[in-house]
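Protein chains: 2
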Amino acid sequence: MQYKNLDSAEAFKRLCAISHVSVKQELTVDRLKAYAMDAGGGLTYHYATMPVNDAIIDELQKLADEQQLLEKYDAVLSGEMMNPGEKRLVLHHLTRGQILGDVIADGENLGEFYRTQLEHIRSFSEKVRSGAIKGSTGKTFTTVCQIGIGGSDLGPRALYLALQGYAAGKGIKQLEAKFISNVDPDDAAQVIASLDLERTLFVLVSKSGTTLETLTNRDLVLDAIKESGIPGIIPGKHMVAVTSNTSPLAKDEGMLDAFFIDDYIGGRYSSTSAVGGVMLSLAFGYDVFQELLDGAHQADTLAREKDIRKNAALMDAMIGVYLRNVLYHPITAILPYSQALIRFPAHLQQLDMESNGKHVNRNGEKVGYPTGPVIFGEPGTNGQHSFYQLLHQGTDIIPLQFIGFHENQRGKDITIQGSTSQQKLNANLAAQIVAFARGKDDENPNKQFEGNRCSSLLSGKQLTPKALGALLSHFENKVMFQGFVWNLNSFDQEGVQLGKVLAKNVLSGCKGDPVLKAVSDLL
Amino acid sequence: MQYKNLDSAEAFKRLCAISHVSVKQELTVDRLKAYAMDAGGGLTYHYATMPVNDAIIDELQKLADEQQLLEKYDAVLSGEMMNPGEKRLVLHHLTRGQILGDVIADGENLGEFYRTQLEHIRSFSEKVRSGAIKGSTGKTFTTVCQIGIGGSDLGPRALYLALQGYAAGKGIKQLEAKFISNVDPDDAAQVIASLDLERTLFVLVSKSGTTLETLTNRDLVLDAIKESGIPGIIPGKHMVAVTSNTSPLAKDEGMLDAFFIDDYIGGRYSSTSAVGGVMLSLAFGYDVFQELLDGAHQADTLAREKDIRKNAALMDAMIGVYLRNVLYHPITAILPYSQALIRFPAHLQQLDMESNGKHVNRNGEKVGYPTGPVIFGEPGTNGQHSFYQLLHQGTDIIPLQFIGFHENQRGKDITIQGSTSQQKLNANLAAQIVAFARGKDDENPNKQFEGNRCSSLLSGKQLTPKALGALLSHFENKVMFQGFVWNLNSFDQEGVQLGKVLAKNVLSGCKGDPVLKAVSDLL
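The listed protein sequences derive, respectively, from chains A and B.
Per our numbering, the first sequence starts with residue -2, numbered consecutively.
Per our numbering, the second sequence starts with residue -2, numbered consecutively.
Watch out, some of these pointers could steer you wrong.
Pairs count within a copy or across copies, as identical chains cannot be separated in the list.
With a straight-line Cα cutoff of 16 Å, these simulated EDC-like cross-link-like pairs (lysine to aspartate or glutamate) come out [what the hints assert, rightly or not]: (1) K508 with E224; (2) K363 with D393; (3) K444 with E83; (4) K1 with D216; (5) K458 with D254; (6) K69 with E302; (7) K303 with E63; (8) K234 with D291; (9) K1 with E250; (10) K248 with D103; (11) K409 with E23; (12) K170 with D249; (13) K124 with E105; (14) K167 with D4; (15) K307 with E77; (16) K458 with D510.
Hints were generated in silico from the structure; no laboratory data involved.
All of these numbers come straight from a predicted model, not from anything done at the bench.
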């Protein structure tokens, strides 16, 4: 396998020489039909409003081939050490299905390991939901409260919020889920105040078992249970751990149960492991979680296609590289027209920015081109009434990634002025795509829209667990492919270490660093 | 008054010629003490980790003077027509106090008008909170549900979430507030399912009384009340309107009450009017809302200082211009180390991007320099476990705006490993400021931090209503000053109109536009 920087790739040099495309001029009905492809899980990826044409796509294919993206993905799937910074395998795909068969590492069959964990999640969650496992005072559990931060919070929380409406629409019995993440004590205090502690099962998530924020919040919770004065309540019997089997938490006999992950699942890629699976299976039942895994597996499989025109994650990734490295756009907005996806942009923000927000390549050499963009977003139509002004008429062009569904989740709607709310929602989405692309001339320059503001769309019939799994995997694989193009290690996060070290220094008196002391005295 | 573009200002040309500053090299204890100033409401603005020095600040002062920022602010306060695109006055400052005396417009004393509305808010909210005004089935109200979108949602929601912990810490009786905003029918369905309709008071907010999303959601709510089958319930008696006194809603006799704003209060600047005031006074009592107004008024008054070194909003604005137009940074991250400010970045996103995301000046001429940046953010320490990787080690520099407080709101905390959670939170904030500024050398390039990543800090003792009001006003005035520097009209939003027109076209069959039809068929 060859690892080389983007700017040393011959295809990249040719790509930079191709004339740019005007979306405004090129957008036709035929193009809309041609530039659409299956993205797995019932989703379709549309890129007719992206500034590419067949010549550019052909060159993006050659760039993908030259940078050996599919070979590198195969290396991930087959258990090669693809996180060289931390000397680890990268096995999150293995949590949803064994595309290339099992992976044996450290003398263990890890496919088997994850299947065993899944079976444990299934049986445990069924017992809790049926009432066979109860709280320590004999009451059934009605609420799950996840304690975790970063990847143990953002992805699972986004997925939970995305499926609440689906479960309600299908009449699936739900345990409500809540989340404590921030070390700010007001976060835990607010959530704890809203809980019926006798009926709450806490899911403590920390891979290392040493995450300071998470352990602190655990102790705040255990304290609150003790101080509740509820006769006979046993705090540990209201808590399970999700952790690596070598962590201190794994050996904590006081807890109700424990579920395991390993060092080969990075936090931001861990939603399909026990990190997301325990909470989601408790909240909606194991079958819903399994459907999500199936959708993710479907998109994972699709991402193995060598032909860029049959591989939506690859197409999305390579167009993103074109936007970043040829057109120099530093930002991408994620705009789901689905209230259920309210926190999905926050998950993608971590996934993308933590994976590819790096300026040295996998060998530690500084690269001479921009890498991962800044990601932000809010659901439409809310965003339309907020920051879309800048997207339409600001001085910079911000590429847009829309997401939309034909049907809503809950099945409750109303017809007003001849259309349902869902029709209004989607009319707005379609209108925005066209408005951004084509703009509008006006003799009043204040009402002039230049257009040529590019976007893509991921669409589906409904946001089901399967569609959600495919959506999650689509972006994970997109980010992975982009990391390969940029020759980065997308699976470590050294950029977060310095802050941790300095925070410890502050807590231990600033160790003779007068500037650190002076800054900490500001607060 | 003179209106001219930034690039025609002499001070700007001189500013571009001054040598840049290395935060990494310049950061000292003395500089930290010198580069700090009162921001009103008990807040302090610190800019020692911004890439400026006395020479640059002197030139920023001259640029502010040359662009007549303070004169233009006075023109706003005295009721001149400062929103020329829509031919409107800009009177949101008048909702918190009369700095320059009352404003008379359209034959009316508008200072008096807003005071009357405030008095109405006070008396109504007191009656609801005391139980003198009850629901139509005779039960007291325990929940407020705001129906609104954009400025009628983001600001009020951010302020409500910011004060919940404060009220809990002070033992103030609370009515819970909920919010329906998105036209996605799943949004309303989810909120409605969580309500005790007999005890819920809906606050319907639409200045024009014609906002499609909001009227649709109103009808979804009224339908749900009718279909609830609760004997004797009268839907209109569970709803008040906040609207302009010329809107169709103002004349709706079926509603419990109505509160008025006027066309001189832009949506994104309306949180301190009845748009935020009715809900906040119902939730926390009028006194809390009045304290918030006092804090905003204090910061408004401070913003009248001509000396940039005594005017924190002006300093923040001018440093922002320096970052955007001399150093060419297109993004700013808002990073509150306070869980209570979880949605404050979303409010600032609208405030800033909708106000200054424009590429024509107030005369409709295209400008040749970048204007408003993209704004995004999440609370720390959560962000540290997410996108900070890119902030530390990405290929672009993202300026950072930190916010932090000495004390938490709820007063519940725990000491673990020798420090409280609040101390850990603030140790992390201090550590990040230093880490971003100074970086760290390491022989492993993957662990190398280049530093020179600039930030500012707004700090205070506690997030009280007064501090929150000052914080809100600080950013409003910052954005206003920047709009003046860039010679924009920060108070209109023509960029959102085209999408509305096209959405109506979609709903009425696409009016023979085949591309629009084809895009709408994708969904």
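These are the hints, each one checked on the structure:
no., hint, verdict
1, K508 with E224, "neither (36 Å within a copy, 66 Å between copies)"
2, K363 with D393, "between (27 Å within a copy, 13 Å between copies)"
3, K444 with E83, "between (53 Å within a copy, 12 Å between copies)"
4, K1 with D216, "neither (47 Å within a copy, 59 Å between copies)"
5, K458 with D254, "neither (38 Å within a copy, 42 Å between copies)"
6, K69 with E302, "within (13 Å within a copy, 60 Å between copies)"
7, K303 with E63, "within (12 Å within a copy, 59 Å between copies)"
8, K234 with D291, "neither (32 Å within a copy, 49 Å between copies)"
9, K1 with E250, "neither (49 Å within a copy, 71 Å between copies)"
10, K248 with D103, "neither (21 Å within a copy, 74 Å between copies)"
11, K409 with E23, "neither (39 Å within a copy, 60 Å between copies)"
12, K170 with D249, "neither (31 Å within a copy, 41 Å between copies)"
13, K124 with E105, "neither (29 Å within a copy, 68 Å between copies)"
14, K167 with D4, "neither (51 Å within a copy, 59 Å between copies)"
15, K307 with E77, "neither (25 Å within a copy, 59 Å between copies)"
16, K458 with D510, "neither (58 Å within a copy, 24 Å between copies)"
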